[in-house]
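In order, the protein sequences belong to chains Y and F. Read in my numbering, the first sequence has 291 at position 276, and its numbers run on one by one without any break. Read in my numbering, the second sequence has 298 at position 280, and its numbers run on one by one without any break.
FYI, nobody ran anything at the bench for these hints, they're computed from the structure. Idealized CB from N, CA, C, for every residue including glycine. A few of these clues could be false.
[As the list claims (entries may be wrong)] Which chain F residues face chain Y? A few, computed with CB under 7 angstroms, are given here: (1) Pro56; (2) Gly60; (3) Pro138; (4) Gln227; (5) Leu231; (6) Ala233; (7) Met242; (8) Ala306; (9) Glu402; (10) Ser404; (11) Val405; (12) Pro412; (13) Asp417; (14) Thr419; (15) Gln421.
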Amino acid sequence: MIARLGQRLLQALFVALAVGALTFALMRLLPGDMAYRIAAGRYGYDFVSAENAAAVRAELGLEGPVWSAFARWLWDIATLDLGRSLVSGEPVLAEIGHQLGASLTLALAAVALSLLLGPPLGMMAGRRAGGALDRALLVSAVVLRALPPFVLGLILVLVFALSLGWFPAAGHAGWANLVLPAATLALGLAAVSSRVARDATAEIVSAPFYAFARLKGLPEAQLFPRHGLRNVSVPVVTYLGVQLVMLIEGVVVVETLFAWPGIGHALVHAIVQRDVPMVQGTALAMGLIFVCLNALVDLANARLDPRARAAA
Amino acid sequence: MPPRTLVGALRPLALAVSLLAPWPALAAPGGSFDIVAPFEIGGPDPSLSGFLFQRMQVGETLLDVDREGRPQPGLATSWSVSADGLVWTLPIREGVRFHDGTALTAENAAAALRFARAKPGVLERARIESVAAEGNSVVIRLAEPFAPLAALLAHASTIILAPASYGPDGTATKVLGTGPYRLTRLEAPQRMAVEAFDAYWGGKPAIRQATYLAAGRGETRTLMAESGDADLAFQLDPPSIARLKANGAVEVMKVPLPRVMQIKLNAGLPPFDTAEGRLALSESIQRAGLASALLRAPGTGATQLFPPSVEAWHDPDLAPLATDPERARARFEALGWAPGADGILAKDGKPLRLKLLTYADRPELPLIATALQDQFRQVGLDVEVSVTNSSSIPAGHQDGTLQLALAARNYSLVPDPFVTLLGDFRDGGSDWGSMNWNDPAFHAATKALLASTDPAEQTRLRREIAAILQRDLPVVPVVWYEQTAAVTKAVEGAAIDPFERSFGLSKMAWKP
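Excised from the complex, chain Y in its bound form (with noise of 0.2 angstroms):
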C-alpha cells in the first residue's frame, strides 16, 4: 500500500511539471499579443490601446527571453511559490483557494449524487439482467452519457427552475444553487456508472459461487448483500477513477453555464486573458487533485478487495 501511495506522490510530481511545461508552452503559442489580452483582461476591451499594451509589456518583462521565464516557473513550482494574478494582481494562492473550495463542493456533490443514482439502479437492473428496467435503464445511461453536460445543464434547468420552480437556475447564494449543477454532472456520471454496476452484477449473480449460497439456503435479502456487494463496488470504484476525466471535463462547461465560482470558470477566463499564472496555477490544481482521488481510489479499492492487499 506505502509502495502505491508512493507511485502515487512521484504520479503527483511528474504531473506538476508536465502541466507547468505544457500550459506555458501552449500560453506562448495561442495567437494574439499577450500583453493586449491581459491590458483587455484588466481595463476591458474599450480602454486596451498600444500605449497600456506596452505599459503592460514593460511591467511583466513579457519582452525577455522565454527560456528565462520557463526557467522562473520552474523555480516557482518549485518552491511553491504560484505568484500573482497578472489581471487581478492578487496572489494566485489565494484566487485558487477561493475558487478550489467551490469547485469541489461541487465536484463532491456531483459524486454523491451520481452514486446514489447509478450504482443502485444499476444492480437493481444487473439483478433482472433483459429486465424493463434494464432496458429502460440502458436507453437512459445512453441518452444521458450522449447530451453534452451544457445541453444537459440547460434541460434540468428548463424543467426544474422554470417549469417546476424548484431550485434557482444559476447563481450561488446558498445550498439550492447547487442542486442543478450537481445533477447535471451527476446525472452523466450515473450513466456509466450505472451500466458498470449492471453488468458486474449480471455477471455476479450468473455466476456458480452465487448460485450455490442460494442453493445453500440463503434468503434472497441476505444473498446479495452477503456475496454481491462487495463484488459488484470493485469495478464501480476503478471506473470511478476513470471518470473523474469526464467529472474535470464537466465541471468547466457546467460552472460558466450556472455562474459558478469554480476553478474551471478561473481556468476559462484566465485562459483568454492570457494570465499565465493564474492558468498554470488552475491548471497545476486540477491536475493534482486528479492524482489524488485516484490515490483515494486505489485506497478505496484496497479495503474493498482482500485479493490485492494479499497480492500485496
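Got chain Y sorted already, so can you dock chain F onto it with the hints?
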C-alpha cells in the same frame, strides 16, 4: 425531458435539499434586488472594476452627467474654469461621509484623484500638471486647455474612495465609497452584495439590499430573468429578447448606446485613399437588412456615426449614409477599377482582394462580417474574413498591414464622446480609429472645440466635425448598438442609463 425514472428518483432528493434553502424564485417583493450582468469583477481598485462599483452606486465621482450626457454636480457642487482654460476649481460638497464614517474633504478627494492618475485610465487624456486641495476645493491645473475634463471627472476610474481604501502603493484594497449603497460582500470575480447606506447625503434609497452576479453566458442571464432568480438581467442576446417579451413577469427595456459597429479602413490603400472610394464602400453596405435580419434590431442601421440618442453629436439634418450598390460600382469604375471576368474589380491587372479582420469577443461581429463579405462581393470586392484575436487590429494598425477591420467602438468611454473622438481620429490615426487619414479642417475644428467655452460655438463646431466625418468617412459606420435588459415588473422606476453608469438601483422601488 430526462427519462421518467430519473425524474422520479430525483424528486425525493430534490425535495430534501430544497427544504434546506429558502425559495429564491418566490422571494417576497421588498427583499434583495438581484442583478445579473456579463461583467466580471476584477478587484477592488477603481482602475479595474470602478465601473461596477459606480453602477452599483457604491462609489461616486466628483462630477456626474444627466441622460443627455451634460455634466452635472456630483461630489463637487460646481466647477469653474479660469479664463485661459488651464485651472479648474471644484468646491467639494459638505456633509458627505464615506462608508467607514470618515468625512469627505478636498484633501482626500484630491488624493484619490492622484491615485487614479498614476494608473492607466482616462485622466491621461488631459495634460494634467497637478491636482491639489485648496481650501474646500479640488484644484486641477492643466498644461493646455481641455474642455471635456468634466467628462473625465465623471468616469468610473476616478471614483473617490476613503483614504482607508488604499494600500501603500495607491492600489485600492477595499471599496469605501460615498454612494447610497455600501458594499457588504465582495467575491471577485463574480459576486457582490450591497445594502443601503443610511448616512448618504442624497437621501435614503427605497431598495434596501441588492446583489450583483456576473454570468458570462446570455442563456444563463435569460433563464435567471425568466425563473425570477434575477430581478434585472443585463445585456440580452437577440433570440432571448423575443422569449422574454412573452414572459408576463418581466419587462424588456431597450436603449440605444453610443457604441457603433464600424469598419476601420486603411486610408493609405487604393481605392480607399480617396473619399470617393470610401463612400463607395459605404454604399455597398445594406445596413437596414443587417440590423433587422441579423441583429433583430430594426432601425439601428447607422445613418451617421452617432445615433439620435447622442443629441449633442447627432445631426438630424445630415444626409444619411445611403445604400446603392449600383452607384458604388460606378464610383469604383470612375476611380479606374473595372470588373474582370470573375466579376472582381481590378486596376492595372491587379484584382481588388482584401482582408477584413474581426474578432469573436462580441459574437455578432463574425456574423456581420460574413454578411458584409457577401455584400462587398456584389459590387466586385473580394474580401476574405479573418476572425482573429481582437489585438490583431491594433497590431495591424501599428505595423501598417491592416486593410479592413470590423470592430465595435464605444464612444462613451467617458460620458462626452468628444474625448474618444479626439483620441481615435488624431493626426496619424489610432488603434481603433482612423488609419492614414488626415484632414486639416477636422483637426482645426477639434482644436477650437477643446478650447471653446461658448455653448453656441460648441454646437456649431460639433456639427462641423460630424459633417466632416460623414463626408470623408475615415471609418465607415455600420450599425448602432442597443443595450437591452429585462427587469421584473415588481419594481417601478427602472430604466437603462444610456451612458452605462448606473443600474438605477436608488431610483427604483418595490411596487406596493
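Checked hints:
| no. | hint | result |
| --- | --- | --- |
| 1 | Pro56 | violated, 10 angstroms |
| 2 | Gly60 | holds, 5 angstroms |
| 3 | Pro138 | holds, 5 angstroms |
| 4 | Gln227 | violated, 12 angstroms |
| 5 | Leu231 | holds, 5 angstroms |
| 6 | Ala233 | holds, 4 angstroms |
| 7 | Met242 | holds, 5 angstroms |
| 8 | Ala306 | violated, 27 angstroms |
| 9 | Glu402 | violated, 17 angstroms |
| 10 | Ser404 | violated, 11 angstroms |
| 11 | Val405 | violated, 11 angstroms |
| 12 | Pro412 | holds, 6 angstroms |
| 13 | Asp417 | violated, 11 angstroms |
| 14 | Thr419 | violated, 14 angstroms |
| 15 | Gln421 | violated, 18 angstroms |
Comparing the model with each numbered hint stated earlier shows that hints 1, 4, 8, 9, 10, 11, 13, 14 and 15 do not hold.
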